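Engineer: Sequence:
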Amino acid sequence: MKQIKNMQAIQKMAYQLSKTDFIKYLQCPQEFWLKHHKPELFEKPSLMLDHLFRQGNEVQKLARQLKRFQTSENILVDAELTFQTAEFKARVDIVVTHADTAIIDIYEIKSSSSVKPEHIDDVAFQKMVAEKSGASVGRCYVITINNDYVGNGEVDAEQLFTISDENDITEKVAAVMESTERSAKDAVSYLQSEIEPSLVEYAKSKHERKHEFECVMVRNFFPELPAYTVFHVPRIHKPKLIALLEMGIINLNDIPDTFELSEKQREYLAAAKSTELDIKREEIKERVDTWEYPLHFLDYETFQYAIPQFDGVKPFQQMCFQYSLHTIDAPGAEPRHSKFLAKDGEQNPPLKLAEHMRKAMQSGIGNVFVWYEPFEKGRNSEMAEMFPEHADFFNEVNAKTVDLMKIFSERLYIDPKFKGSSSIKKVLPVLCPDFAKYSDLGISEGLTASISWYRAAKWDTLSEDERTHIFADLEKYCALDTLAMVEIYRVLAALS
1 MKQIKNMQAI QKMAYQLSKT DFIKYLQCPQ EFWLKHHKPE LFEKPSLMLD HLFRQGNEVQ
61 KLARQLKRFQ TSENILVDAE LTFQTAEFKA RVDIVVTHAD TAIIDIYEIK SSSSVKPEHI
121 DDVAFQKMVA EKSGASVGRC YVITINNDYV GNGEVDAEQL FTISDENDIT EKVAAVMEST
181 ERSAKDAVSY LQSEIEPSLV EYAKSKHERK HEFECVMVRN FFPELPAYTV FHVPRIHKPK
241 LIALLEMGII NLNDIPDTFE LSEKQREYLA AAKSTELDIK REEIKERVDT WEYPLHFLDY
301 ETFQYAIPQF DGVKPFQQMC FQYSLHTIDA PGAEPRHSKF LAKDGEQNPP LKLAEHMRKA
361 MQSGIGNVFV WYEPFEKGRN SEMAEMFPEH ADFFNEVNAK TVDLMKIFSE RLYIDPKFKG
421 SSSIKKVLPV LCPDFAKYSD LGISEGLTAS ISWYRAAKWD TLSEDERTHI FADLEKYCAL
481 DTLAMVEIYR VLAALS
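Residue numbers (my numbering): 1 to 496.
These aren't lab readings, by the way, just hints derived from the structure by calculation.
Among the hints, a few may not be true.
Claimed, not checked - Below, simulated DSS-like cross-link-like pairs (lysine-lysine); rule was C-alpha separation at most 30 Å, straight line:
no., residue 1, residue 2
1, K406, K273
2, K458, K352
3, K400, K280
4, K458, K273
5, K437, K426
6, K132, K238
7, K238, K204
8, K339, K400
9, K400, K314
10, K419, K238
11, K273, K359
12, K185, K24
13, K377, K425
14, K419, K437
15, K273, K426
16, K172, K273
17, K24, K116
18, K24, K204
19, K132, K185
20, K204, K419
21, K425, K400
22, K352, K339
23, K458, K359
24, K426, K400
25, K426, K339
26, K377, K280
27, K406, K238
28, K419, K240
29, K425, K285
30, K185, K172
Said to hold, decoys possible - Pairwise CB distance ranges (calculated):
no., residue 1, residue 2, range
31, S164, D289, 51 to 57 Å
32, M48, A494, 37 to 43 Å
33, L462, P239, 43 to 49 Å
34, R68, Q347, 26 to 32 Å
35, A102, E178, 24 to 30 Å
All values reported here derive from a predicted model rather than from experimental measurement.
Beta carbons: idealized from backbone N, C-alpha and C, even for Gly.
My request is simple: use the sequences and hints to build the entire structure.
Structural biologist: Printed below as a string of structure tokens:
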């Protein structure tokens, strides 16, 4: 036991590769390099990163309460034990030391419902550092979240977490140990190199299928990129992306017509390259003529968390806490607005929302307009399952839902200014240039809305003025989404 404790007292060099930096190196070497050579670019964490950090801390704290981690005569349990050598350091979430053999088991706690490839890399680095510092590592585990767990009062850690055979990644870790050590040494050497970033290197190094120009590396090294690039092609796979970049093609408009793309990608590219307005009026009119009053325009705001914060909610479930509804009761009528926002952190926001929205639609349901129906329909189906007394209502809403976005995603209305996008934030300013702008709002996108609501509803450290301000911003944001659909509907209806 003393040997393990003494490992933490090793003299540090000017730089030691941490577990976090190792994973960053695997994901994006250029951003990893920047983090150390220009740390000022990373000083202010994003709202999302701060949220994930807090969530991770809560998950780890709860997981340590599991019965298997109660110290006994046979085992010693250490939380957040750090192993280090002159070159590397790794903090392990939970270390279980067997008293009879001094062999340790490593447990990594993840806010995830399954073991992912990057988790293997993560634990492999921990094992490498532990063994280099003198420890003997036995089994390796990743503790994950049971996404079938349903919140009901105090959280039951034994039911919330999963440590099954699939969570034992010992063999998977052993299989990557050689590459892990090689990559770790490469990462340390990379910091000493003169970085020459390229978009091809960037594309090759990213794990994610979708590549976006929002990372620090790209914003600093490629500030003159065109507004729409090859990275914006929907669902473009890495080999095709790299092939375009190696051909020197960055601008979306420069993709050759002969380049192999899927039908959907080709349609997107054609729309993005288009210089002419193309409106299929007859097809749009056919759809408009089928729509029945009263017309409802609906938008939800949701919150998800690894640990259920409310009764009846599962881990990672998109729980509805707010809706906005604009209703046009008859032809020529002005839209009326209904809204709901959970403000007091009550135990069942979606139930209160369901009751409120049902009353708001009690005059009847002609059609319900949304933007991207899988999201709203998914939430309706979840609430129908959660609240059987409202199931018929939500099933009817789903049956009468119209996805207004399809007019644009199915290319019935093409404007070059959309640049191939069917996002409401791209369509709205083109069709309704005088309408209010999202950029003028205190909260202007869904992720900020979700996290801000949670803080205002649940945190006891916010002042009443701060809460009031957040709730006001949330109501303006959600209302703008549904009113925007009303305005877009009016433009489409006027075409006929």
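Engineer: Hint by hint, which ones does the structure fall short of?
Structural biologist: Checked against the structure, the hints that fail are numbers 4, 6, 11, 16, while the rest are satisfied.
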